[in-house]
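Q: Take a look at the letters that make up each chain.
2 protein chains.
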Amino acid sequence: MPFVLTPLPGIPSIRAGDDLAGLALAGTARSGLRLEDGDILVIAQKVVSKVEGRIVDLASVHPSPEAKRLAVESLKDPRLVELILRESRVVLRVRPGVIVVEHRLGFVCANAGIDRSNIETPGGSESVLLLPEDPDASAEKIRQALQSATGANLGVLIIDSHGRAWRLGTVGAAIGLAGIPALVDLRGEMDLYGYRLESTVVAAADELASAASLVMGQAAEGLPFIHVRGFPYPLRDSKLQELIRPRELDLFR
Amino acid sequence: MPFVLTPLPGIPSIRAGDDLAGLALAGTARSGLRLEDGDILVIAQKVVSKVEGRIVDLASVHPSPEAKRLAVESLKDPRLVELILRESRVVLRVRPGVIVVEHRLGFVCANAGIDRSNIETPGGSESVLLLPEDPDASAEKIRQALQSATGANLGVLIIDSHGRAWRLGTVGAAIGLAGIPALVDLRGEMDLYGYRLESTVVAAADELASAASLVMGQAAEGLPFIHVRGFPYPLRDSKLQELIRPRELDLFR
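If you're matching them up, the sequences are chains A and B in order. Per this note's numbering, residue 1 is the first one in the first sequence, and the count goes up by one each step. Per this note's numbering, residue 254 is the first one in the second sequence, and the count goes up by one each step.
So here's chain A without its partners, still in its complex pose (with noise of 0.2 Å):
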């Protein structure tokens, strides 16, 4: 079966309460599809936080000592940099234009997640969007919404675009699943020739947030939906802590 990978057309500006599998589902039938059992709809993380009014006014933050002397470091904005230390446990590296944390939600990401781009600004404020306050609770209740309304078995996933340690540009990583596996372990199969695969963990979700985020693009918020059918793993349960490294694991901090 082909993997196919649909972006949903015309889908409007999103702002805060929309309803985002509502949108979904119109977008669906706009492209002339369904949702059936097995299909995901893999859903950029902007809509997500903004539905969630995770909108910050940078006026209202007050920066403290320790974000002062990290945005002289970072060449960053203070308020900037007081958002990026609440949202993470510990700070990894600091460089001009980039705080690496270990965001609060587990993962290494970098000024955690937190961007300028594709926020509204009314009135000249500034404003910066966080990552959703539990991407796993949203992407289920995205998900049984669609649900729902199709009486089929679905998965979602909530992507965002990551960097690497050791390759430039991003690529698209999960940061919150709904009935979607996050790793696939093939470690028990045999391959042809009867031997063992030795360490085939496949990070399944991560692996589909980067296809899904190639046809999203980055500058489309007009794109936020993908539509994927051709999923080749089954559909079950499992959180975005399924992906994160250990940190008794972790040999690169």
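Hints listed in this document are in silico derivations from the structure and should not be mistaken for laboratory results. The beta-carbon is built from N, C-alpha and C at its ideal position, and this holds for glycine as well. Any given hint could turn out to be false.
[Unchecked claim] Among chain B residues calculated to face chain A with C-beta under 8 Å, some are:
#1 R348
#2 P349
#3 V353
#4 T453
#5 A456
Given chain A, work out where chain B should sit, using these hints.
A: Then chain B, alone, in the frame of chain A:
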């Protein structure tokens, strides 16, 4: 346009000297597909290595004192460690089960990309498979053959599975490119609200590698070719090297 990845069925077990372009064309025809302008063929590293005769009989390898020392530390076969060292520029970390290196091709990976799975072992000898000598050149050669046969403008991508510093599980990663943009730079573009995107260089080739890896599976030497239609960026020449983070920008080694 949807983004469609189709594994080509019925590919026989690959041997040294086989014609990968011919096998891919036959597989494409069996699927009822054609290679058209803008289409991409993604190929598993393993079959490229086999065709190029990159199999090494461990009985022929004599480990150096350094390999013997690292073999104790990593709990690996000293002959395998010797090959890992020969294929690498620098050893970054050693732990039981894994040697993280900077490969001679430039990227950071575990065990220099050498594994034992899916290698035929006639007479009970132990063999392993090295990465292709020059995967960009391998991809370009296959691309030329496919373009000559079809008259279409095509891309070819050779992929492997890589671990990540902070996340569990492997994801598909580009190791050889022909006609595919390694990176796509969206930084000049405005988003919907007139903000310039801040740090949006997309590792498009790696996102494509992850998408294709997902449908290729791991145990499946039977699915080494993925036909891709609807890649959302224009094809252009680029090299693997574009994806490698320069050492001076590496914060984590």
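Q: Compare the structure with each hint and give your call.
A: Hint by hint, here is what the structure shows:
A distance limit of 8 Å between C-beta atoms decides the matter here; for R348 (chain B) the minimum to chain A is near 7 Å, and the interface restraint holds. A cut of 8 Å between beta carbons decides the hint on P349 (chain B): the least distance to chain A is about 11 Å, and the hint is violated. With a cut of 8 Å, the hint placing V353 (chain B) at the interface with chain A holds, because the nearest CB-to-CB distance is about 7 Å. The criterion of a C-beta within 8 Å of any C-beta in chain A is met by T453 (chain B), whose closest approach is roughly 4 Å, and the hint holds.
At a threshold of 8 Å, the smallest CB-CB gap from A456 (chain B) to chain A is about 3 Å, leaving the interface hint in force.
Checked against the numbered hints listed earlier, the structure breaks hint 2 alone; every other hint is satisfied.
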